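Peer 1: Chains as they are written, first to last, in my numbering: chain F, 1 to 477; chain W, 1 to 66.
Hints are computed from structural coordinates only; laboratory data are not their basis. For clarity, every value in this text was computed on a predicted model and none was experimentally measured. One or more hints might be untrue.
What the hints assert, rightly or not - A few chain W residues that face chain F, going by a derived Cβ cut-off under 10 Å, partial list only: (1) Leu-21; (2) Glu-28; (3) Ala-39; (4) Leu-43; (5) Pro-53; (6) Val-56; (7) Phe-57.
Claimed, not checked - Label-pair restraints from in silico Cβ distances: (8) W:Ser-2 / F:Ser-390: 39 to 47 Å; (9) F:Lys-38 / W:Val-16: 41 to 49 Å; (10) F:Ala-430 / W:Val-16: 46 to 54 Å; (11) F:Val-102 / W:Glu-8: 40 to 48 Å.
Unchecked claim - Which residues of chain F face chain W? A partial, calculated answer using Cβ under 7 Å: (12) Phe-210; (13) Leu-345; (14) Ser-395.
Glycine included, C-beta positions come from ideal geometry on N, C-alpha and C.
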Amino acid sequence: MSSVEDLTLRSAVELSALLTSGELSPVELTQAFINRAKRYARLNAYITLDEEGALQQAARAEAEIKRGMIRGPLQGLPVAVKDQFDAKGLRTTAGSKIVDYVADEDATAVARLREAGAVILGKLNLSEFALGGNVTHPYGIPHNPWDETRQAGQSSSGSGIAVAASLCAAALGGDTAGSIRGPSAWCGITGLRPTWGRVSRNGAWPMAWFMDTIGPMTKTVADAAMIFQSIAGYDSKDEHTSSRPLIPFEPSRGLEGIRVGVVRESIDNGMATDDVVAGVEEALEVLRGLGAKVLDETLPLFEHGGLISNGLADSEAANIHRKLLRERPEDYDFASRRRLMAASLMPAAAYVKLSRFRMLMRRDVMAALGRVDLLVTPAQAEGAPKLPTSTGMTSKEAVMRQYFGLRAHRGPFNLSGVPAMALPIGFTHADPEGTHAGLPMSLQVIGRPFDENRIFQLGHAYQEVTSWHEYRPSLDA
Amino acid sequence: MSDLTPEEVRTQLSAVGLTPLSREDLEEITYRTNAVNEAVLALEHPDEDAQEPRMVFWMNEEGVNE
Numbered sequence: 001m002s003s004v005e006d007l008t009l010r011s012a013v014e015l016s017a018l019l020t021s022g023e024l025s026p027v028e029l030t031q032a033f034i035n036r037a038k039r040y041a042r043l044n045a046y047i048t049l050d051e052e053g054a055l056q057q058a059a060r061a062e063a064e065i066k067r068g069m070i071r072g073p074l075q076g077l078p079v080a081v082k083d084q085f086d087a088k089g090l091r092t093t094a095g096s097k098i099v100d101y102v103a104d105e106d107a108t109a110v111a112r113l114r115e116a117g118a119v120i121l122g123k124l125n126l127s128e129f130a131l132g133g134n135v136t137h138p139y140g141i142p143h144n145p146w147d148e149t150r151q152a153g154q155s156s157s158g159s160g161i162a163v164a165a166s167l168c169a170a171a172l173g174g175d176t177a178g179s180i181r182g183p184s185a186w187c188g189i190t191g192l193r194p195t196w197g198r199v200s201r202n203g204a205w206p207m208a209w210f211m212d213t214i215g216p217m218t219k220t221v222a223d224a225a226m227i228f229q230s231i232a233g234y235d236s237k238d239e240h241t242s243s244r245p246l247i248p249f250e251p252s253r254g255l256e257g258i259r260v261g262v263v264r265e266s267i268d269n270g271m272a273t274d275d276v277v278a279g280v281e282e283a284l285e286v287l288r289g290l291g292a293k294v295l296d297e298t299l300p301l302f303e304h305g306g307l308i309s310n311g312l313a314d315s316e317a318a319n320i321h322r323k324l325l326r327e328r329p330e331d332y333d334f335a336s337r338r339r340l341m342a343a344s345l346m347p348a349a350a351y352v353k354l355s356r357f358r359m360l361m362r363r364d365v366m367a368a369l370g371r372v373d374l375l376v377t378p379a380q381a382e383g384a385p386k387l388p389t390s391t392g393m394t395s396k397e398a399v400m401r402q403y404f405g406l407r408a409h410r411g412p413f414n415l416s417g418v419p420a421m422a423l424p425i426g427f428t429h430a431d432p433e434g435t436h437a438g439l440p441m442s443l444q445v446i447g448r449p450f451d452e453n454r455i456f457q458l459g460h461a462y463q464e465v466t467s468w469h470e471y472r473p474s475l476d477a
Numbered sequence: 001m002s003d004l005t006p007e008e009v010r011t012q013l014s015a016v017g018l019t020p021l022s023r024e025d026l027e028e029i030t031y032r033t034n035a036v037n038e039a040v041l042a043l044e045h046p047d048e049d050a051q052e053p054r055m056v057f058w059m060n061e062e063g064v065n066e
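Generate coordinates for the entire structure from the input sequences, incorporating the hints supplied.
Peer 2: Structural data, given as structure tokens:
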């Protein structure tokens, strides 16, 4: 690797300092990321890599920096976005065979990255229509860079891969029912699902209106805070965005006085593997060492999070896809098609009942967040599983076990609209057959509405005294 | 509650303009439909009747809905 390519392994904040000080050329850095994206194309992180456009943007950023025109910390930083979001002049596919157009306008989050001077490298692979659960992938199966025989997570799979494998400095993902936190956890990176309404959804393909969010997927918490600050805020094109002022994140050392509640239902009674439970316990020890007061918390409806979250999200998705599902069912992945058709049959009474249970879940989450400052759970119950070849839904019981349980750890919080972040906390034991030397594990940190900064505070303090976020997958072995 | 049969599911799908593409499609859609119906029916909570469904949480600024 060249010396500039060595730099691609660094955090976005480190790169930002080098770029804005003029020590690093945006053009050279962009070229280095392009080279890596092409060298590791087998991971299928990108759907569209915009070499020419990215180098032009980088040249503009370089000229501005040379003139002393500094827009902010993202200037000249090569980033990539999930192909669920429009980027002007680039193809949007939503990870499907069905959607294929060149966008006339940027999604608001993409526009804000550009306004801040970021270089848009391209569009990243994802699960079909951001649904998650599809088995076939029109743009290649996303491979986990820590073990290429395993899943990268759904649905922001390309974003997780691209950041973990240093194919971009940072990425945008989308999270309806766990699609930022899940891939971040399995790819060993940091990923923030913001408070619902904090980041505009304008220009994003919807998965489920009332839970869709857009957020940063990055190497570090400081990176996530930097990207979040750029994309968040009111947007007249999304009526549900909040006009609350954004308070810049100021890192502080230690966690003295912070109360952290461990959701016992998320780790007790086999709700996570032994490796993950041990990883969470070790992380809690680190937090105690930083001055946090760690307490037990309870969410009695926790185990139903997957059912309520998936039931509601799929019903909304089925309505979004109703016409395409009638007109082009053969162009959907078979797993997506079956899932959406089944969701099309959900009785209205069931939808209303799940909506009421959503409110009960939210009531419990908000009550817990009234007793403590932050909640924690594992972000994923296990390390990344092998790539699937079938849905595995071979009985009613299998659906209940696999599908409703799949997102139980993240569902309660997207149901509640609160912010939540996946934070890397170590690795599982190595695979005895030698396919991996350990898979990433992750802690989910949940905060009060619009209190992303406290989540960043915990995560940043943790990363100040640990090095899990500095590990990089070995791609040339 | 008894499970829906594949043919009953096919009829329901037809009523909303959808057609399964294969026997495997119909089988899995049937499993999924029966699983959701059974799981939703089994959900119980003493405070359920006191909750009104709401989809949007933060419409009123400054924490009115919190």
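Peer 1: Give a verdict on every hint.
Peer 2: To see whether the hints hold, each was checked on the structure:
no. : hint                             : verdict
1   : Leu-21                           : holds, 6 Å
2   : Glu-28                           : holds, 4 Å
3   : Ala-39                           : holds, 5 Å
4   : Leu-43                           : holds, 6 Å
5   : Pro-53                           : holds, 3 Å
6   : Val-56                           : holds, 6 Å
7   : Phe-57                           : holds, 4 Å
8   : W:Ser-2 / F:Ser-390: 39 to 47 Å  : violated, 27 Å
9   : F:Lys-38 / W:Val-16: 41 to 49 Å  : holds, 45 Å
10  : F:Ala-430 / W:Val-16: 46 to 54 Å : holds, 49 Å
11  : F:Val-102 / W:Glu-8: 40 to 48 Å  : holds, 44 Å
12  : Phe-210                          : holds, 4 Å
13  : Leu-345                          : holds, 5 Å
14  : Ser-395                          : holds, 6 Å
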